[in-house]
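Chemist: Listed here are the chains, written in short residue letters.
2 protein chains.
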Amino acid sequence: MPPAGGPMHPVVKAPESSRFLKLPEDFALQGAESGSAGATFPQGFLASGMSVGLKGSGRPDIGILAVSGEWREVATSAALFTPNAFAAAPVVIAKEECDLGGLSAVVVNSGNANACTGPQGLQTARSTRDAVGEVLGLSPEVVAVSSTGVIGEQIDAAVLSAGARQAAAEICPDGGPAFARSIMTTDRFPKVAAGTVSLGSESVRVGGCAKGAGMIAPALATMLCYLTTDAVLSRQEAARLLEDAAERTFNRVTVDGEMSTNDSVFLLASGASGIKPSGPELQRLAAAVEAVMMRLALMMVADGEGATKIIRVSIEDADTVETAETVARAVADSPLVKTAMNGNDPNWGRIMSSAGAALPGRRIPNASLQLCGVTVVERSAVCPLSAQQRKQLATSMREPEVEVCLKLGLGTADAEVFFSDLGHDYVTINADYHS
Amino acid sequence: MPPAGGPMHPVVKAPESSRFLKLPEDFALQGAESGSAGATFPQGFLASGMSVGLKGSGRPDIGILAVSGEWREVATSAALFTPNAFAAAPVVIAKEECDLGGLSAVVVNSGNANACTGPQGLQTARSTRDAVGEVLGLSPEVVAVSSTGVIGEQIDAAVLSAGARQAAAEICPDGGPAFARSIMTTDRFPKVAAGTVSLGSESVRVGGCAKGAGMIAPALATMLCYLTTDAVLSRQEAARLLEDAAERTFNRVTVDGEMSTNDSVFLLASGASGIKPSGPELQRLAAAVEAVMMRLALMMVADGEGATKIIRVSIEDADTVETAETVARAVADSPLVKTAMNGNDPNWGRIMSSAGAALPGRRIPNASLQLCGVTVVERSAVCPLSAQQRKQLATSMREPEVEVCLKLGLGTADAEVFFSDLGHDYVTINADYHS
Chain U
1 MPPAGGPMHP VVKAPESSRF LKLPEDFALQ GAESGSAGAT FPQGFLASGM SVGLKGSGRP
61 DIGILAVSGE WREVATSAAL FTPNAFAAAP VVIAKEECDL GGLSAVVVNS GNANACTGPQ
121 GLQTARSTRD AVGEVLGLSP EVVAVSSTGV IGEQIDAAVL SAGARQAAAE ICPDGGPAFA
181 RSIMTTDRFP KVAAGTVSLG SESVRVGGCA KGAGMIAPAL ATMLCYLTTD AVLSRQEAAR
241 LLEDAAERTF NRVTVDGEMS TNDSVFLLAS GASGIKPSGP ELQRLAAAVE AVMMRLALMM
301 VADGEGATKI IRVSIEDADT VETAETVARA VADSPLVKTA MNGNDPNWGR IMSSAGAALP
361 GRRIPNASLQ LCGVTVVERS AVCPLSAQQR KQLATSMREP EVEVCLKLGL GTADAEVFFS
421 DLGHDYVTIN ADYHS
Chain D
1 MPPAGGPMHP VVKAPESSRF LKLPEDFALQ GAESGSAGAT FPQGFLASGM SVGLKGSGRP
61 DIGILAVSGE WREVATSAAL FTPNAFAAAP VVIAKEECDL GGLSAVVVNS GNANACTGPQ
121 GLQTARSTRD AVGEVLGLSP EVVAVSSTGV IGEQIDAAVL SAGARQAAAE ICPDGGPAFA
181 RSIMTTDRFP KVAAGTVSLG SESVRVGGCA KGAGMIAPAL ATMLCYLTTD AVLSRQEAAR
241 LLEDAAERTF NRVTVDGEMS TNDSVFLLAS GASGIKPSGP ELQRLAAAVE AVMMRLALMM
301 VADGEGATKI IRVSIEDADT VETAETVARA VADSPLVKTA MNGNDPNWGR IMSSAGAALP
361 GRRIPNASLQ LCGVTVVERS AVCPLSAQQR KQLATSMREP EVEVCLKLGL GTADAEVFFS
421 DLGHDYVTIN ADYHS
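Chains as they are written, first to last, in this note's numbering: chain U, 1 to 435; chain D, 1 to 435.
Hints in this document: simulated from the structure, not taken from any laboratory.
None of these values were measured; they are calculated from a predicted model.
Positions of the beta carbon are idealized from the N, C-alpha and C atoms, including for glycine.
Watch out, some of these pointers could steer you wrong.
Said to hold, decoys possible - Stretches of chain D that chain U covers, calculated by requiring three or more beta carbons in the stretch to come under 8 angstroms of a beta carbon on chain U:
no. : stretch
1   : 142 to 154
2   : 326 to 339
3   : 346 to 353
4   : 359 to 368
5   : 377 to 391
6   : 423 to 429
Starting from the given sequences, assemble the full structure and let the hints guide the process.
Modeler: Written as structure tokens, this is what we have:
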């Protein structure tokens, strides 16, 4: 019987970097080892993570990330939330009652999603926020709440508030790793990333952490992400930067297609570096934030429940970007493609079938398909493969990262999506684990 | 190592009737046992099924269904095909070169889909059609071809044509069961249905068979269906009848959402009863054809790869039928819902989350959810359950048919979709079985 917080997973090391990750020239990413400071790598942040007893396992289940007191006046923030019609109580409170451009702290609990919990759940989220505000001397509207875990169970508000007070009392400059661990549910490893952006003779820092380990495609499992920088940003700059980066990162792993009741992404800019980038320097900072988010997004795919690999599907030469995206998502979401990938099976017929199903009523006579660099389809028909090509395919399919490239021959638009495979462990986690 | 035609499945008995099947008053459905005549139950049809060696297992892999000679002049037909952009060669030939309102025969091979096979595949389909036409004395355009099986392998046209000739030579009035078996791939049981419609003092017969055992939601596995009646129908009546019935049956099991490269549905009306229904009698015939199709569609869901149950999700009180359908399909396609169902887990939180994800940006404050008749959500929040209710839920979730009803509280529009669960056997069949 697994504990209430989720089934027991061996905590494994985060994968070393990905060849799918393109780093900007001016950006030096820190190592991904669990010791990385993550969200507290930039200056001006404090964090904590501990157990308040929401998870039966006794694992950490409450965490706080806050701007340190001296930077509250200049700090800005931005946030993105799930569009789910049954959005959880903390999401409703954040959207309706928080000053999302001027947040000073976020309190997160794992083990209970506080979703489908009605007025009582809203009150629980408010009391948690108020408790943190009291300890940190913050007005309620600059404290946001996140929750992740089981849907439809009321949290004991007294327990949670007491835990929030304790966590608030323990925030410290090196609390990033503890914070990252406290937001985990079925994650097999903490997801942290951080780095330094060179802006001429000066530099600013970017950091962050995330959780999310469900099947990535219809990301019903909650995705939470907390990003930080010590650059000085206006509210508008923070909002624009976060939105653009999410579009090119989390949205590429099809996380936005079907968001859970709790999905939330926050960006906090402390301003503690004293550096206010603008023009090309702001672009470099944006590229760095995007790189950190992409690193976290790829870690989420790699940690997809039961996943053994990351697959990149690129749709090229489409007539429109919309066509390319639609086809890419159809391939990425196909259970038949996902299971074939799990079996290391170069079953390109399933890729063609799922792509063709996303283009109803059309005739595509000049499609070509490359699987792990081997052309398997040309002019929409099978290519005979040499024995060597078959051997190469069999080997490449076993790699932890697999590339699929479908050229539609319709135009010049491209799109790519990253997804994980589907294996027995996914079923074990989700069918054999009872709510 | 499974044989080329698909993994070995124990051939099991088709499930007895379904409580989800509503039969018209004037229609008497025959038993579903494998001895049912199926497509040759109506008068005026001949059929056969045999092995030509396309499947390594030696199981039947070619079949023919034909209107008997004396009824060819009055017989009519209709057909529906996959909109997949990479439609298989036989589908292309049927759409472009056949007289779909006046077909006299259909030849079907299983074990090879003849998809993504280019000009050579088109030629193979043509030669198969021509071979059958020669033996039966039919011009090529009144013979259609269907294929199902592996994508992207050329069929040996000489072998297939020889087999088609042999199958054509062996058609007989009681060939329906053999035909039904010859079209199977990973199906665990043949899918046949037939019955008699009372039209006042007279009666006509309806019959049919189908194959399809993939995951139903994104039905990438091929669905083939052959329906027959001995009523006299005009071409227009046949076409209208087939389209309407498909909308209310196969489209409710989400088979049309993502169609495979080969999906095809045929209706042949021999006219052998001499009865030409019109007005209310035509409606009764239409209802009977719909009942036969629904029976076959439910058998396909029950035979979903690894499926242990059929789930009906009803979305009620939506603002529009489109909203209701979108939400129903989102729930039916959610891997998290499907795995929970496999584990007999009343995890209604996953149902709410997948439904909410299909309604982005909306607030639905008055949703209620019944799972197996137990109200688990009211006013969009969890209802406390009594011990007895929990016990009832635990028992009902183990039934072979499970009902989910989500009332959105937005209006009066409804929609329902039938789907299967997702378990280890699905992964075993699709990941462990290599192409």
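Chemist: Taking the hints in turn, state whether each one holds.
Modeler: Results for each hint:
For a cut-off of 8 angstroms, the count of residues in the stretch 142 to 154 of chain D with a CB near a CB of chain U stands at 5, and the three-residue condition holds. Residue count for the stretch 326 to 339 of chain D with a Cβ under 8 angstroms from a Cβ of chain U: 6. That meets the three needed, and the coverage hint holds. Counting residues of the stretch 346 to 353 of chain D whose CB lies closer than 8 angstroms to any CB of chain U gives 7, so the stated coverage by that chain holds, three being the minimum. For a cut-off of 8 angstroms, the count of residues in the stretch 359 to 368 of chain D with a CB near a CB of chain U stands at 7, and the three-residue condition holds.
Chain U is given as covering the stretch 377 to 391 of chain D, and this holds because 5 residues of the stretch bring a CB closer than 8 angstroms to a CB of that chain, at least three being needed. Taking a C-beta to C-beta cut-off of 8 angstroms, the stretch 423 to 429 of chain D contributes 5 residues in contact with chain U, enough for the three needed, and the coverage statement holds.
Every hint from the earlier list agrees with this structure, and none is contradicted.
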